[in-house]
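Read top to bottom, the protein sequences are chains G and B. So the first sequence is numbered by my numbering: it starts at 1 and just counts up by one. So the second sequence is numbered by my numbering: it starts at 1 and just counts up by one.
Simulated from the structure, these hints should not be mistaken for lab results. You may find that some hints are simply not true.
[Stated by the list, open to error] Examples of chain B residues lying across from chain G (beta carbon under 10 Å, computed): (1) Gly128; (2) Ala150; (3) Leu207.
[As the list claims (entries may be wrong)] Negatives, chain B to chain G, calculated, CB over 12 Å: (4) Gly7; (5) Arg23; (6) Ser28; (7) Glu47; (8) Ala103; (9) Gln180; (10) Ala197; (11) Thr229; (12) Glu243; (13) Ala274; (14) Asp278.
[Stated by the list, open to error] The calculated label-pair distances, taken between Cβ atoms and stated as ranges, are: (15) Cys65(G) with Gly161(B): 34 to 42 Å; (16) Ala99(G) with Ser317(B): 34 to 42 Å; (17) Asn246(B) with Ala99(G): 31 to 39 Å; (18) Gly412(G) with Asn246(B): 50 to 58 Å; (19) Leu14(G) with Asn246(B): 50 to 58 Å; (20) Glu250(B) with Arg409(G): 49 to 57 Å; (21) Gly161(B) with Arg11(G): 43 to 51 Å; (22) Gln27(B) with Arg11(G): 46 to 54 Å; (23) Met261(B) with Arg11(G): 53 to 61 Å; (24) Glu40(G) with His245(B): 34 to 42 Å; (25) Arg159(B) with Glu408(G): 53 to 61 Å; (26) Glu394(G) with Arg159(B): 41 to 49 Å; (27) Glu250(B) with Thr148(G): 23 to 31 Å; (28) Cys65(G) with His245(B): 14 to 22 Å.
Predicted model only: the values in this text are computed from it and were never measured. Backbone N, C-alpha and C define an ideal beta-carbon position, used for all residues, glycine too.
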Amino acid sequence: MTEQLSRPTRRNPLARTRLPVPLGGPRSRAAQGLTQAAAEGVFRLQVCTVCRAATYPPRDVCPRCLSGELVFEACDPYGVLVAETRIDISGEAHFRERAPWRIGSVRMDCGPMVVAHLHGGVAQGQRVRMTLMLDKTGGAAMVALPATYGDVPPDDRVLREFTCDPKFRRVLVTDGRGSLGQAMVTALREAGAAEIFVGVADGWKPFGGEAALRAQAGVSPVVLDLTDTQSVMECASQIGGRVDIIVNTAEHVRAGGVMAAQGVSEARAALELRSLGLMRLAQGFGPIMRMRGADGVDSACALVNVLAVHALMNWPEFGVASAAEAAALSMSQCLRAEFRGGGIRVLNVFAGPQDTEWFQTVPAPKVAPMVLARAVVAALRGGGEDCFVGDVAEDYRARLAANAKALERELGA
Amino acid sequence: MRSRRAGYEGVVACVPVTVPYQRYSIQSAHWWIGRALHTLVTTAGLEPRDIDGLSISSFTLGPDTAMGLTQHFGLSPRWLDHVPMGGASGVIALRRAARAVQAGDAEFVACVAGDTNQVDTFRKTLQGFSRFSQDAVYPYGAGGPNASFALITRHYMDRFGAKREDFGRVCVSQRDNAMQFAPALLRKQLTLDAYMAARPIADPIHLFDCVMPCAGAEAFLVCRAETATAMGLAGVRVLSTIERHNGFPEDEIQFRGGWAMDVDDLWAMAGVDAKDVDILETYDDYPVIAMMQFEDLGFCRKGEAAAFVQSHDLTASGSFPHNTSGGQLSVGQAGAAGGYLGLVELIRQLTGQAIGVQVAGARVGVVSGFGMINYDRGLATAAAVLAAA
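All chains, full assembly: derive it from the sequences and hints.
Laid out in structure tokens, this is it:
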């Protein structure tokens with residue numbers, strides 16, 4: 001049975017915080033194909049291009065025809081839970097403190113037997129839907145959900161180990177001045193976040209939506225300027241121990257390329273906010289989040305970067321902005337490695353141009369801030385770490401995968 | 001048609017050695033293997049340089065292999081084997097060594113398995129056990145073999161109606177045997193009630209279904225029968241052997257082992273059959289696997305092991321002497337030595353050298369091995385029929 005998660009009680013300030021115990025261990029290179037699928041939130045298995053057999057665990061050679069041509073492909077994710085067990089005693093501290101822990105053997109409809117983690121709603125003999133998620137150490141994890149559940153299965157204790165559901169958690173949205181930050185607050189309230197801190201820089205300057213933002217219950221505006229180290233450190237010293245999720249919604253979108261720009265001040269401002277801002281955020285909030293990665297149902301769990309998809313390939317029309325996004329992306333990759341031992345996920349959400357004033361001259365399709373905000377929540381509830389939102393972002397992903405060089409030319413044409 | 005297999009005429013296994021186990025050891029695998037080899041050589045009345053064949057099995061010898069041990073031990077064998085097959089190592093070492101001696105490639109093959117168990121050895125061994133395990137088992141609760149065999153046991157119970165009490169009978173009777181076997185680490189009497197009341201480890205596996213990891217070593221010598229006789233060494237003849245890897249890969253969950261593929265060959269080559277067997281030594285990492293061996297080796301039909309254990313006394317003095325030293329469940333699991341334990345005990349029994357209860361008039365015995373949960377099932381199976389010389 002699924003255990004109903006209840007709102008966590010107030011912490012005893014005298015009680016010791018449970019520290020994250022990483023479950024390390026090497027994985028094969030072939031298994032990283034599963035990691036890639038899990039990161040993107042899709043279900044794939046290795047399939048032999050010669051004999052079409054699906055196989056698991058990941059191999060380098062097909063066990064049916066001995067070909068070396070195995071590729072990861074979307075596969076039928078359904079199967080039957082043939083046998084299950086409840087591990088009361090594990091050899092690893094990581095699972096000892098999470099005991100009892102259920103696993104089971106699933107016969108996939110597409111052939112392979114998969115040993116999987118079990119959602120609380122799954123029972124032996126039942127049909128299940130297999131999903132690939134990332135575990136606390138960034139490795140791919142097979143998680144069996146009841147076959148009847150939709151895309152958003154009920155949150156439960158096991159699922160929480162693989163997701164970053166904002167329900168019952170306290171979230172910092174870094175920029176409440178913009179439409180994305182405000183949409184984010186709305187989406188997080190819908191998702192049941194316990195408390196939402198909203199960063200506001202230059203509070204003396206009025207901004208659109210300010211009155212509505214300040215009036216919302218459970219929303220606490222805080223002074224936060226990502227371009228100012230002291231501001232970030234002061235904010236972290238006040239609320240750092242209470243932030244479970246950070247959603248970095250800071251934006252700096254200006255049209256223009258590199259050569260035609262007047263000097264470097266625009267580029268400096270973009271890098272200051274997007275790249276160094278992320279660095280300040282990580283230095284201020286990261287160390288304590290990393291300590292709180294196993295702190296119960298409302299443990300610290302995620303840093304979300306909302307990035308322009310042009311971080312992945314420069315769009316000369318917004319050339320300097322693209323470069324700043326790319327720098328932020330590179331920082332986030334470093335942060336992934338630094339956060340991993342603490343069980344904190346760095347979630348990169350790649351968005352196409354938003355339907356906001358800064359992209360006024362760009363033709364549709366564009367992404368409405370509310371759509372992007374809900375996509376961030378969905379990504380937090382999923383088990384991945386790379387998420388693409390909007391038609392343009394999806395188009396980018398497909399073109400990059402097919403031929404990155406072609407995309408470079410197409411964007412410069 | 002498959003060509004007829006040659007027998008193992010003229011070869012014996014002798015000089016059974018058990019180095020008493022320890023729960024934890026600060027020594028290395030090299031030390032444990034060295035103790036066994038030393039006991040073997042002195043018992044046989046040989047000099048170390050007489051050992052011209054060496055077969056080694058160990059999980060904790062890394063980074064060394066059998067090769068490195070030759071220099072470490074100061075030996076210069078002309079035949080060398082390293083058998084990394086866990087619980088099947090003993091029988092597989094025996095059948096290879098027997099062929100080497102038979103062909104004249106070596107005169108004296110010392111077969112040794114040994115492992116140490118330092119405080120964190122077992123966890124480290126599990127963590128790095130196999131590539132499939134690293135990718136697809138260990139991160140799933142890190143239950144180790146307990147969790148993998150829990151799934152196999154659950155499936156077996158569902159499929160054939162076996163009950164925990166049936167597994168309990170296997171464990172309790174082995175403990176009875178161990179109480180007479182001085183080297184066993186677990187010699188406190190076990191009752192069926194205590195078995196049933198034990199704490200769950202990975203349901204349906206409970207505490208007394210699990211072996212205790214420990215340090216230890218086992219060894220035996222393979223040589224020509226006439227040589228053994230001349231040296232005054234009591235040996236056993238090898239009537240037949242089988243070996244199989246990754247048998248029945250199509251089975252969803254393991255409910256039979258590769259023995260079932262080769263059992264006809266085993267008895268045909270031996271020239272005896274199951275009812276002629278006086279002692280059975282199974283690989284008992286978990287009682288369900290021992291029961292699978294009853295079935296797959298032909299002592300009862302598939303799915304009927306529960307009824308079999310209900311209708312037989314499995315103690316050394318009972319109607320079906322099984323795991324007469326107490327098996328790994330009571331003696332302890334000293335890594336790869338666990339794959340030798342049954343074979344070494346069977347040599348002792350068939351040569352009248354039992355340390356614990358001697359099975360009266362034992363002439364023919366069967367030992368089987370089972371090794372290496374690479375992903376979701378044990379891959380290696382092997383068995384041998386041995387007879388008093």
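The hints, checked one at a time:
Contact between Gly128(B) and chain G, as hinted, is supported at the beta carbon level, the nearest pair being about 8 Å apart and thus within 10 Å. Taking 10 Å as the C-beta contact cut-off toward chain G, the hint placing Ala150(B) at the interface holds, the least distance being around 4 Å. Annotation: Leu207(B) was flagged as interfacial toward chain G, and the flag holds, the nearest CB pair being 9 Å apart, inside 10 Å. For Gly7(B), the condition that its CB be more than 12 Å from all CB atoms of chain G holds, with the nearest at approximately 35 Å.
In this structure Arg23(B) is separated from chain G by more than 12 Å, as the shortest Cβ-Cβ distance comes to about 16 Å. With a minimum CB-CB distance of about 22 Å to chain G, Ser28(B) clears the 12 Å threshold, and the non-interface call stands. At the 12 Å boundary, the C-beta of Glu47(B) stays outside the reach of chain G, the nearest C-beta of that chain being 43 Å off. Chain G leaves Ala103(B) outside its interface by the beta-carbon criterion, the shortest separation being 32 Å against a cut-off of 12 Å.
Against chain G, the non-interface label of Gln180(B) holds: every CB pair exceeds 12 Å, the least being about 30 Å. Distance check for Ala197(B) against chain G: the nearest CB is about 15 Å away, which clears 12 Å, and the non-interface claim stands. No Cβ of chain G approaches the Cβ of Thr229(B) within 12 Å, the least distance being about 48 Å, so the stated non-interface status holds. Separation of Glu243(B) from chain G is adequate, the least Cβ-Cβ distance of about 20 Å exceeding the 12 Å criterion.
Taking the minimum C-beta to C-beta distance to chain G, about 30 Å, the non-interface status of Ala274(B) holds against the 12 Å cut. Non-interface call for Asp278(B) relative to chain G: holds, since the shortest CB-CB distance, roughly 36 Å, exceeds 12 Å. A C-beta distance of roughly 38 Å is found between Cys65(G) and Gly161(B), which places it inside the suggested range of 34 to 42 Å. The given range of 34 to 42 Å is respected by Ala99(G) and Ser317(B), whose C-beta atoms sit roughly 41 Å from each other.
Roughly 32 Å separates the CB atoms of Asn246(B) and Ala99(G), a value that falls within the hinted 31 to 39 Å. As the Cβ distance of Gly412(G) to Asn246(B) is approximately 54 Å, the hint placing it in 50 to 58 Å holds. Between Leu14(G) and Asn246(B) the beta carbons are some 56 Å apart, a value that agrees with the proposed interval 50 to 58 Å. The beta-carbon spacing between Glu250(B) and Arg409(G), approximately 50 Å, falls within the hinted interval of 49 to 57 Å.
Between Gly161(B) and Arg11(G) the Cβ separation comes to about 50 Å, which falls inside the hinted range of 43 to 51 Å. Checked against the given bound of 46 to 54 Å, the beta carbons of Gln27(B) and Arg11(G), roughly 47 Å apart, stay inside it. Roughly 59 Å separates the CB atoms of Met261(B) and Arg11(G), a value that falls within the hinted 53 to 61 Å. With their beta carbons about 37 Å apart, Glu40(G) and His245(B) fall inside the hinted range of 34 to 42 Å.
Between Arg159(B) and Glu408(G), the C-beta spacing of about 58 Å keeps the proposed range 53 to 61 Å intact. For the pair Glu394(G) and Arg159(B), the supplied restraint of 41 to 49 Å holds, since their beta-carbon distance comes to about 47 Å. Range check, Glu250(B) to Thr148(G): about 29 Å between beta-carbon atoms, so the 23 to 31 Å window is met. For Cys65(G) paired with His245(B), a C-beta distance near 19 Å keeps the hint of 14 to 22 Å intact.
The structure meets every hint from the earlier list without exception.
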